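Each chain, written out:
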Amino acid sequence: MLSRVFNRGADADAGVASASVPRFDWRQYVVFIAFLVVFALFGATLYDSGFLSFNNLLNIVRQSAIIAVMAVAMTFVISAAEIDLSVGSVAGLASVTSALAVSEYGFFAGAATGLLTGLIVGSVNGALVARFNIPSFLVTLGMLGIAVGTARWITDSAPVPILDDSFNTIFGSGQIGPVPALLIWMFIVFAVGHIVLRKTAYGRRVLATGGNESAARFSGVDTRRIKFYVLLASSTVAALAGMLYAGRLQSGRYQWGEGDELSVIAAVILGGTSLFGGYGTVVGSVLGALLVGLINNGLTLMGLEFSQQQIVRGAIIILAVALARKGPGSR
Amino acid sequence: MDGRTVQIRSPQEAQENGIAMIFQEFSLIPTLSVAQNIFLNSEPRTGTKLLDDRQSERRTRELFAELGEDVDPKKTVADMSTGYWQLTEIAKALSRDARILIMDEPTSSLTKTESEALFDLIRRLKANGISIVYISHRMEEVFRIADRVTVLRNGRNAITDEVSNLTLDEVIDHIVGEKMEGAFEWREREVDRTGSPLLEVKVLSAAGRFRDVSFNLYPGEILGLAGLMGSGRTEIARALFGIDRVDAGEILVHGRSVDIRGVRDAMDAGISLIPEDRRLQGLVLDHSVKDNLLLPLLKGLQRRGVVDDRRGERTVGALVERLKVKASSIFEPIWLLSGGNQQKVVIAKWLAAEPDVLVMDEPTAGVDIGAKTEILDIARDLADSGKGIIVISSELTELLAVSDRILVLQDGTVTREMHRRDVGSEEELHRAVQSV
Numbered sequence: 001m002l003s004r005v006f007n008r009g010a011d012a013d014a015g016v017a018s019a020s021v022p023r024f025d026w027r028q029y030v031v032f033i034a035f036l037v038v039f040a041l042f043g044a045t046l047y048d049s050g051f052l053s054f055n056n057l058l059n060i061v062r063q064s065a066i067i068a069v070m071a072v073a074m075t076f077v078i079s080a081a082e083i084d085l086s087v088g089s090v091a092g093l094a095s096v097t098s099a100l101a102v103s104e105y106g107f108f109a110g111a112a113t114g115l116l117t118g119l120i121v122g123s124v125n126g127a128l129v130a131r132f133n134i135p136s137f138l139v140t141l142g143m144l145g146i147a148v149g150t151a152r153w154i155t156d157s158a159p160v161p162i163l164d165d166s167f168n169t170i171f172g173s174g175q176i177g178p179v180p181a182l183l184i185w186m187f188i189v190f191a192v193g194h195i196v197l198r199k200t201a202y203g204r205r206v207l208a209t210g211g212n213e214s215a216a217r218f219s220g221v222d223t224r225r226i227k228f229y230v231l232l233a234s235s236t237v238a239a240l241a242g243m244l245y246a247g248r249l250q251s252g253r254y255q256w257g258e259g260d261e262l263s264v265i266a267a268v269i270l271g272g273t274s275l276f277g278g279y280g281t282v283v284g285s286v287l288g289a290l291l292v293g294l295i296n297n298g299l300t301l302m303g304l305e306f307s308q309q310q311i312v313r314g315a316i317i318i319l320a321v322a323l324a325r326k327g328p329g330s331r
Numbered sequence: 001m002d003g004r005t006v007q008i009r010s011p012q013e014a015q016e017n018g019i020a021m022i023f024q025e026f027s028l029i030p031t032l033s034v035a036q037n038i039f040l041n042s043e044p045r046t047g048t049k050l051l052d053d054r055q056s057e058r059r060t061r062e063l064f065a066e067l068g069e070d071v072d073p074k075k076t077v078a079d080m081s082t083g084y085w086q087l088t089e090i091a092k093a094l095s096r097d098a099r100i101l102i103m104d105e106p107t108s109s110l111t112k113t114e115s116e117a118l119f120d121l122i123r124r125l126k127a128n129g130i131s132i133v134y135i136s137h138r139m140e141e142v143f144r145i146a147d148r149v150t151v152l153r154n155g156r157n158a159i160t161d162e163v164s165n166l167t168l169d170e171v172i173d174h175i176v177g178e179k180m181e182g183a184f185e186w187r188e189r190e191v192d193r194t195g196s197p198l199l200e201v202k203v204l205s206a207a208g209r210f211r212d213v214s215f216n217l218y219p220g221e222i223l224g225l226a227g228l229m230g231s232g233r234t235e236i237a238r239a240l241f242g243i244d245r246v247d248a249g250e251i252l253v254h255g256r257s258v259d260i261r262g263v264r265d266a267m268d269a270g271i272s273l274i275p276e277d278r279r280l281q282g283l284v285l286d287h288s289v290k291d292n293l294l295l296p297l298l299k300g301l302q303r304r305g306v307v308d309d310r311r312g313e314r315t316v317g318a319l320v321e322r323l324k325v326k327a328s329s330i331f332e333p334i335w336l337l338s339g340g341n342q343q344k345v346v347i348a349k350w351l352a353a354e355p356d357v358l359v360m361d362e363p364t365a366g367v368d369i370g371a372k373t374e375i376l377d378i379a380r381d382l383a384d385s386g387k388g389i390i391v392i393s394s395e396l397t398e399l400l401a402v403s404d405r406i407l408v409l410q411d412g413t414v415t416r417e418m419h420r421r422d423v424g425s426e427e428e429l430h431r432a433v434q435s436v
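For the protein sequence lines, the chains are D and P, in the order given.
Note that the working numbering has the first sequence beginning at 1, numbered continuously upward.
Note that the working numbering has the second sequence beginning at 1, numbered continuously upward.
The shape of chain D in the complex, shown without the other chains (with noise of 0.2 Å):
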């Protein structure tokens, strides 16, 4: 296998092609590698700290797991080389429509009040993306907007407390034994996520259409539709996270999910997925999530201010970035 990799040259003349295994390219596993570095490095110099103790670990994946779910969407929209930049948004809005449903009919029409929320929302950005040509970038820039205004308006701003307990259980408060729920829903969203990237026609045709948009039009894949839908992917599971958001704060409030946007499209690209389309992974984008959260955790036991942890943040993910970054000609 490995005589493979290295005799690529000697080989390229043989003829005809062989299935072999796809070639490694370690470029792809640099978000695992500065998590373990950087998970090393903590646990060596913050163990006096606990940041090894049980309880600081599910601290991490606590803080981390909506940024998470919102990233596996997010790889969706990416490598389609389309941009939602009102996940955050989205989900403060759910969060608020959720919140005061729950309080008006229980349970279940607070739960469908926000997800339909996330698909009236994403509805409206696929058909004016897909239908109308219109850049992603700009319609989701004005849809953050819109979804920000109308949360502090049908709420006058104010928080809406969420008293019914089953909610607030099972979308972010609630355990299954020592495994918090949240870090459930977080599995189920990736699991879901990285079998329908790795694994269904639907898949293949999102990187298609991201890698070359005219060339999957003429392969007859509806690029249109798979534009349409990535995007009303994202908001829904946008509306999900904001929906965690409540059932963990016991309220629904505009600010939750306020910059998440910028967050989740860090965690996706650090996780190795093509800011250009064409190539995206799941398993990176929750590990870059997950990296970004053992980062802020690690230099807030550090001691460091906020301002100074944005700084360390930032040139960490510039860092990262960087080294993932792939040859010439590829892109």
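If you're looking for bench data, these hints aren't it; they were derived computationally from the structure.
Note that the structure is a prediction, hence the values are computed from the model and not measured.
Certain hints may be false.
Straight-line distance between alpha carbons at most 25 Å, and here's what the computed SDA-like set of lysine to any residue pairs gives [to be verified]:
id, chain 1, residue 1, chain 2, residue 2
1, P, Lys-299, D, Tyr-202
2, D, Lys-199, P, Asp-308
3, P, Lys-299, D, Val-196
4, P, Lys-112, P, Glu-426
5, P, Lys-299, D, His-194
6, P, Lys-299, D, Val-192
7, D, Lys-199, P, Glu-313
8, D, Lys-199, P, Ser-329
9, D, Lys-199, P, Arg-314
10, P, Lys-299, D, Ala-201
11, P, Lys-299, D, Arg-198
12, P, Lys-112, P, Gly-366
13, P, Lys-324, P, Arg-153
14, P, Lys-324, P, Glu-276
15, D, Lys-199, P, Gln-302
16, D, Lys-199, P, Glu-332
17, D, Lys-199, P, Arg-310
18, P, Lys-326, P, Ser-136
19, D, Lys-199, P, Arg-304
20, P, Lys-202, P, Pro-219
21, D, Lys-199, P, Phe-331
22, D, Lys-199, P, Ala-352
23, P, Lys-299, D, Tyr-229
24, P, Lys-112, P, Phe-143
25, P, Lys-299, D, Arg-131
26, P, Lys-49, P, Arg-59
27, P, Lys-299, P, Glu-332
Dock chain P against the given chain D, drawing on the hints supplied.
Leaving out everything else, chain P in the frame of chain D:
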């Protein structure tokens, strides 16, 4: 250079040594004007170091006058025809005092008349002491304008000699490396046109693209579409494949009327298209041979919603072997393959879809002669197995080599239909295409 050893590590250093290259894919910025493009990164400045537009426009005019053309320097490049793009590239090279011009497939996007103008220009440049390295797949051009020819094969120098010492066959032998088996030679094939046609196109029209196009295609037949750029050849192919809509007319496959509104409909009707632009429309360059090949087939490879990769890899392996695609593995990114092998992958991806009608738009553009003959043989084999093939090509030699029947298109309509055996020579077809 001039007997001195020079080091060339960047395009700037090449430029300093008087070497300029005219790229196959033009390296102009479409949104800038002619003058802005020519003086990009070497703009004339005024005394206050600001850009001197008046001077750059005046010098642009002078450069074009040298080339025997009159061009508005303020015109945006995107608004001009490709012939002028190339002129602009050449003017840009001359503005930097280039003494060696490297032209890579300069006629590939030019019309016949534009090519003739380019040849005239090359002669004039030559007379002014400028040396030209002319890279081309078209032997006819090499023999017309070159003084000496070098054939490269597998990265090695196969032969360098005066053109006058060589014949076309000798050059082709050196390119192929072994005796060609007359792939460009036409062999009459038996086509049964008494049965029902595979494909019937009835008075198909699309505003501004083509009108009243009618023809039949029979099983086992290769139909050539000849015509100049813009004559409607590609537009008809795109309409048959559901890329563009038509305004009127009917398409029948196996005698049944089909309504083609999108690529999926065309595929369901058994029609496939090898598109004109391999890199833009045929392939996802960053993706592997396997992923490219399976893209149209994903629907059929699904089992309980999941793509059966094992079966996909077997399909790919078999096709890659059948078409002799040279790649180190099916997981190799497609941009690492040569043009000919890339094109074979595009063909393979449609073979697996098992279409009844295969439309090939410029199937051998930008591939070497060896791959060219292989591709023509694939077309023949497919026709022999009862499929209907439509071949579109600007290279008439190629059309004459494979077609059983040829439709000549002009300004969006079919002006002539010729049976291959009635076409005496390539000149005859040339005249029909140019309508002289």
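Each hint, compared with the structure:
1. About 9 Å separates the Cα atoms of Lys-299/P and Tyr-202/D, which keeps this hinted pair within 25 Å; it holds.
2. The straight-line distance between the Cα atoms of Lys-199/D and Asp-308/P is roughly 8 Å, inside the 25 Å bound, and the hint therefore holds.
3. A threshold of 25 Å between alpha carbons decides the hint, and for Lys-299/P with Val-196/D the separation of about 14 Å falls inside it, so the pair holds.
4. Our distance criterion of 25 Å between C-alpha atoms is met by Lys-112/P and Glu-426/P, whose separation comes to about 15 Å.
5. For the hint pairing Lys-299/P with His-194/D, the CA-to-CA distance comes to about 19 Å; that is within 25 Å, so the pair holds.
6. Note on Lys-299/P and Val-192/D: the hinted pairing holds, with a Cα-Cα distance of about 20 Å set against a maximum of 25 Å.
7. About 14 Å separates the Cα atoms of Lys-199/D and Glu-313/P, which keeps this hinted pair within 25 Å; it holds.
8. Distance hint between Lys-199/D and Ser-329/P is fulfilled; the C-alpha atoms sit about 21 Å from each other, no more than 25 Å.
9. With a C-alpha separation of about 17 Å, the suggested pair Lys-199/D and Arg-314/P falls inside the 25 Å cut-off, and the hint holds.
10. Between the alpha carbons of Lys-299/P and Ala-201/D the distance comes to roughly 7 Å, so the proposed pair stays at or under 25 Å and holds.
11. Proposed proximity of Lys-299/P and Arg-198/D is supported: the alpha carbons are some 15 Å apart, at most 25 Å.
12. Note on Lys-112/P and Gly-366/P: the hinted pairing holds, with a Cα-Cα distance of about 17 Å set against a maximum of 25 Å.
13. As the CA atoms of Lys-324/P and Arg-153/P are separated by approximately 18 Å, the hinted pair is consistent with the 25 Å bound.
14. For the suggested pair Lys-324/P and Glu-276/P, the alpha carbons sit about 22 Å apart, so the restraint of at most 25 Å is met.
15. Proximity of Lys-199/D to Gln-302/P is assessed by CA-CA distance (about 9 Å); at most 25 Å being required, the pair is judged to hold.
16. Restraint check for Lys-199/D and Glu-332/P: the C-alpha separation of about 19 Å stays at or below 25 Å, so the hint holds.
17. For the given pair, Lys-199/D sits about 12 Å from Arg-310/P by alpha-carbon distance, which is consistent with the 25 Å threshold.
18. Taking the CA atoms of Lys-326/P and Ser-136/P, the gap is about 22 Å. The hint holds against a cut of 25 Å.
19. For the given pair, Lys-199/D sits about 11 Å from Arg-304/P by alpha-carbon distance, which is consistent with the 25 Å threshold.
20. For the suggested pair Lys-202/P and Pro-219/P, the alpha carbons sit about 18 Å apart, so the restraint of at most 25 Å is met.
21. A C-alpha spacing of about 16 Å is found between Lys-199/D and Phe-331/P, which places the hinted pair at or below 25 Å, so the restraint holds.
22. With a C-alpha separation of about 20 Å, the suggested pair Lys-199/D and Ala-352/P falls inside the 25 Å cut-off, and the hint holds.
23. Restraint check: the Cα-Cα separation between Lys-299/P and Tyr-229/D comes to about 17 Å, which is no more than 25 Å; the hinted pair holds.
24. For the proposed pair Lys-112/P and Phe-143/P, the alpha carbon gap of about 16 Å is at most 25 Å, so the pair holds.
25. Between Lys-299/P and Arg-131/D the CA atoms are separated by roughly 24 Å; this keeps the pair inside 25 Å, and the hint holds.
26. Our distance criterion of 25 Å between C-alpha atoms is met by Lys-49/P and Arg-59/P, whose separation comes to about 18 Å.
27. About 23 Å separates the Cα atoms of Lys-299/P and Glu-332/P, which keeps this hinted pair within 25 Å; it holds.
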